[in-house]
Amino acid sequence: MARKRVTPVTAFDPALLRGAAIDAIKKLDLRRQIENPVMFSVEIGGILTTLSYLYGLFVYPGETALFTALVSAWLWLTVLFSNFAEALAEGRGKARAASLRRSRTAMTARKVNSAQFSAPFEEISSSDLKPGDLVLVRSGDLVPGDGDVIAGAALINEAAITGESAPVVRESGGDRSAVTGGTTVIANEIIIRITAEPGKTFLDSMILMIEGAKRRKTPNEQALELLLFALTGVFLLVVATIWPVSAYSSSVSGSGSPAGLPVLVALFVCLAPTTIAALLPAIGIAGMDRLFQRNIIAMSGRAIEAAGDVNVLLLDKTGTITLGNRQAAAFIPVDGVNEDELVKAAYIASFADDTPEGKSVVALASGQISPLPGIPEQAAFIPFSAQTRISGVDLNGASYRKGAYDAIVREVTSRGGFVPPDIDTKVTRIAQTGGTPLVVSRDWNVLGVVHLKDILKTGVRERFFDLRRMGIRTIMITGDNRLTAAAIAAEAGVDDFLAEAKPDDKLRLIRTYQEEGYMVAMTGDGTNDAPALAQADVAVAMNNGTQPAREAANIIDLDSDPTKLIEVVEIGKQILMTRGALTTFSIANDVAKYFAIIPAAFVAIYPQLAVLNVMALSSPETAILSAVIFNALIIPLLIPLALRGVQFRPMPAGRLFTYNLVIFGLGGIVAPFLGIKAIDLLLSAVTAL
0 MARKRVTPVT AFDPALLRGA AIDAIKKLDL RRQIENPVMF SVEIGGILTT
50 LSYLYGLFVY PGETALFTAL VSAWLWLTVL FSNFAEALAE GRGKARAASL
100 RRSRTAMTAR KVNSAQFSAP FEEISSSDLK PGDLVLVRSG DLVPGDGDVI
150 AGAALINEAA ITGESAPVVR ESGGDRSAVT GGTTVIANEI IIRITAEPGK
200 TFLDSMILMI EGAKRRKTPN EQALELLLFA LTGVFLLVVA TIWPVSAYSS
250 SVSGSGSPAG LPVLVALFVC LAPTTIAALL PAIGIAGMDR LFQRNIIAMS
300 GRAIEAAGDV NVLLLDKTGT ITLGNRQAAA FIPVDGVNED ELVKAAYIAS
350 FADDTPEGKS VVALASGQIS PLPGIPEQAA FIPFSAQTRI SGVDLNGASY
400 RKGAYDAIVR EVTSRGGFVP PDIDTKVTRI AQTGGTPLVV SRDWNVLGVV
450 HLKDILKTGV RERFFDLRRM GIRTIMITGD NRLTAAAIAA EAGVDDFLAE
500 AKPDDKLRLI RTYQEEGYMV AMTGDGTNDA PALAQADVAV AMNNGTQPAR
550 EAANIIDLDS DPTKLIEVVE IGKQILMTRG ALTTFSIAND VAKYFAIIPA
600 AFVAIYPQLA VLNVMALSSP ETAILSAVIF NALIIPLLIP LALRGVQFRP
650 MPAGRLFTYN LVIFGLGGIV APFLGIKAID LLLSAVTAL
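So for the sequence shown, numbering that gives the first Met the number 0 puts the first residue at 0; every next one is plus one.
Hints may be right or wrong, so weigh each one.
List of simulated lysine-lysine pairs, DSBU-like, C-alpha gap at most 35 angstroms [as the list claims (entries may be wrong)]: (1) K358 / K425; (2) K452 / K425; (3) K358 / K110; (4) K358 / K456; (5) K129 / K501; (6) K129 / K110; (7) K501 / K456; (8) K425 / K456.
Each pair of labels, with its calculated beta carbon distance range [unchecked claim]: (9) A403 / Q221: 50 to 60 angstroms; (10) S369 / T457: 21 to 31 angstroms; (11) K129 / A403: 36 to 46 angstroms; (12) E499 / A222: 33 to 43 angstroms; (13) L226 / N187: 57 to 67 angstroms; (14) A489 / I149: 19 to 29 angstroms; (15) V237 / V613: 37 to 47 angstroms; (16) E515 / A118: 49 to 59 angstroms; (17) L660 / A222: 18 to 28 angstroms; (18) Q367 / A397: 13 to 23 angstroms; (19) I149 / F380: 21 to 31 angstroms.
Please keep in mind that the hints were generated in silico from the structure rather than gathered at the bench.
Quick reminder that beta carbons are idealized off the backbone N, C-alpha and C, glycines included.
Generate coordinates for the entire structure from the input sequences, incorporating the hints supplied.
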């Protein structure tokens with residue numbers, strides 16, 4: 000069935016741009032601006048130059064008033080462009096959160112006192128439900144809150160949460176029992192036990208998670224901010240000492256005049272790492288937004304960045320690598336029995352079997368025989384049970400049975416039936432390939448075997464190959480025996496596996512790798528995965544998994560596709576690369592701007608500095624103003640790159656460093672030379688008019 004996605008919020012949607020522009024002005028509040036120390040300093044510079052302009056205009060009129068006004072105006076634009084970049088990234092997340100918030104509605108819930116469909120119910124508001132309450136949900140109803148199915152099974156449309164149009168089955172027992180408030184039951188009815196308090200549902204958590212402004216900063220981001228703060232402090236001290244030095248030199252040489260406040264502020268702003276400081280908040284927020292576009296919810300930027308450094312990935316087999324329940328793959332008759340005869344008997348024996356395996360036998364048989372045998376309601380159905388491990392039907396005087404090999408052989412033997420000698424070989428062959436054999440009999444004579452096997456999710460083998468190319472070791476974890484685990488591991492293409500694993504075994508394995516210095520990621524969907532998910536550096540839970548698994552994870556995959564971890568890794572690496580690339584570009588920019596500001600500002604006092612005027616700028620005023628204008632304009636020009644991110648290319652670290660150095664380092668040096676020179680020529684032309 001075709002996948003239906005929520006219409007993406009484009010980066011430059013008019014409504015989004017208007018909101019970002021308004022938020023950019025609101026962020027001028029110094030109490031908010033101080034969260035970005037570099038831009039806080041630029042805003043202080045804007046305030047000082049504005050006061051200097053007003054002083055020069057009304058108190059001490061002079062020729063520099065226009066120059067000061069222009070410097071001040073471009074400093075304010077620098078701050079606004081920085082705020083706009085962050086507000087634009089935040090706005091995308093808030094727009095998505097708003098769409099989810101609209102899907103959260105109050106509804107009527109049928110509260111029952113027991114897990115019986117016939118039990119009387121009381122209609123109450125969903126907002127009054129408490130954890131532990133039992134609720135009856137019928138076809139066409141919205142699920143009133145997060146919970147676990149404790150009776151029945153139903154088809155549920157989760158498009159409101161995942162954007163996926165194909166319905167999913169939620170049933171009691173196992174790892175497919177979790178339901179999410181706001182989804183719709185489209186067939187059958189279920190009784191759920193509420194697990195979340197009002198206002199603390201998974202949908203509420205999603206809304207908070209995708210609002211970029213709520214994210215926690217990552218260690219790398221904090222370290223970079225500390226570096227930017229230190230550089231800002233160093234440049235501030237340097238600029239603070241320039242005025243007395245220039246004043247002394249001017250008085251001694253008798254030429255030139257001390258650097259004025261506008262020049263000093265412009266010098267500081269152009270040398271400080273304003274470009275990366277302006278774009279840094281947008282990079283992290285945009286990374287979370289890119290994940291959400293792929294139906295992946297990250298609780299913090301920390302989890303995404305950690306994914307960029309992952310080198311070991313642990314995957315739970317059932318429901319993660321495989322579809323979950325074993326499914327019928329083939330019918331293998333014993334010697335002397337026609338396959339259609341076996342298929343018909345297996346269909347009849349499984350007709351009343353409500354287990355996922357029994358349903359898969361019926362589905363496979365339905366595609367191989369026509370017409371299907373009719374089974375009247377008065378037939379005697381023998382339901383599957385854990386004690387007998389057999390299910391079947393007594394129909395028209397005939398007995399049809401299907402079940403575990405030893406259980407069927409024991410039953411057939413006790414009834415004086417026939418067990419063909421080749422059945423042992425067929426059962427052993429299936430077991431050796433990691434499958435499960437179900438033996439079928441009719442009238443106490445064995446007809447053959449149904450081969451049940453774990454079905455790999457589409458594309459997992461190719462994805463694991465991609466992960467291997469990225470240097471990530473994949474390890475499958477399962478409670479199956481070693482024989483079954485080895486067969487599935489070979490088919491899936493993982494690097495290693497851990498068989499017969501208990502929850503503490505998974506936890507121990509993760510800690511072992513972490514102690515050896517590895518960054519460990521894990522995907523899982525079951526309650527038994529929760530301890531390991533909580534320990535892992537990156538924990539991706541499947542949305543169709545249990546509530547404990549989702550609560551232990553720091554990333555939720557709404558599509559329940561374990562192979563999408565590769566997208567999480569790629570986006571994590573993309574964030575790191577984007578930040579590194581823009582940092583390289585910003586530092587290279589500062590080097591180039593040095594050759595514009597320093598000679599222009601002090602050439603009158605130190606004529607020897609003229610040799611550094613390699614761009615042959617027209618005058619000190621146009622040189623300084625050109626550098627300030629370029630410093631402001633480069634921020635909005637880089638916003639699309641910050642939001643989109645640098646494309647990830649699997650390559651060795653040394654080659655990646657060289658790539659960034661050449662592309663963004665060289666580009667960061669060349670761009671200011673060209674940009675500042677072009678602006679200087681334009682200003683000179685305007686001045687000459």
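Check your understanding: Holds or violated: are the alpha carbons of K129 and K501 at most 35 angstroms from each other?
Key -> Holds - the C-alpha atoms of K501 and K129 are around 32 angstroms apart, at most 35 angstroms.
**Request:** Decide if the proposed pair is consistent with the structure: K452 and K425, CA atoms, cutoff 35 angstroms inclusive.
**Result:** 14 angstroms, holds
Assess, step by step, whether the Cα of K129 is no farther than 35 angstroms from the Cα of K110, and give holds or violated.
This hinted pair holds, its Cα atoms lying about 11 angstroms apart.
Exercise. Holds or violated: are the alpha carbons of K358 and K425 at most 35 angstroms from each other?
Worked result: With Cα atoms ~23 angstroms apart, K358 and K425 stay inside 35 angstroms; holds.
- Message: Tell me if the beta carbons of E499 and A222 are separated by a distance inside 33 to 43 angstroms.
- Response: Since E499 and A222 have Cβ atoms about 42 angstroms apart, the given range 33 to 43 angstroms holds.
For the hint 36 to 46 angstroms, verify it against the beta carbon of K129 and that of A403.
42 angstroms, holds
- prompt: Is it true that the C-beta distance of Q367 to A397 lies inside 13 to 23 angstroms, as the hint says?
  reply: Holds: the Cβ-Cβ distance is about 20 angstroms, inside 13 to 23 angstroms.
For the pair supplied as a hint, K358 and K456, confirm whether the alpha-carbon distance does not exceed 35 angstroms. 19 angstroms, holds
Is the Cα-Cα distance between K501 and K456 35 angstroms or less?
23 angstroms, holds
**Item:** 57 to 67 angstroms as the expected CB spacing between N187 and L226, which holds or is violated
**Value:** The hint (57 to 67 angstroms, Cβ to Cβ) holds, given that L226 and N187 are roughly 58 angstroms apart.
The hint says 18 to 28 angstroms between L660 and A222; measuring C-beta to C-beta, is that right?
20 angstroms, holds
Review point. Is the straight-line distance between the alpha-carbon of K425 and that of K456 35 angstroms or less?
Key: 26 angstroms, holds
In summary, the numbered hints that this structure violates are 14 and 15.
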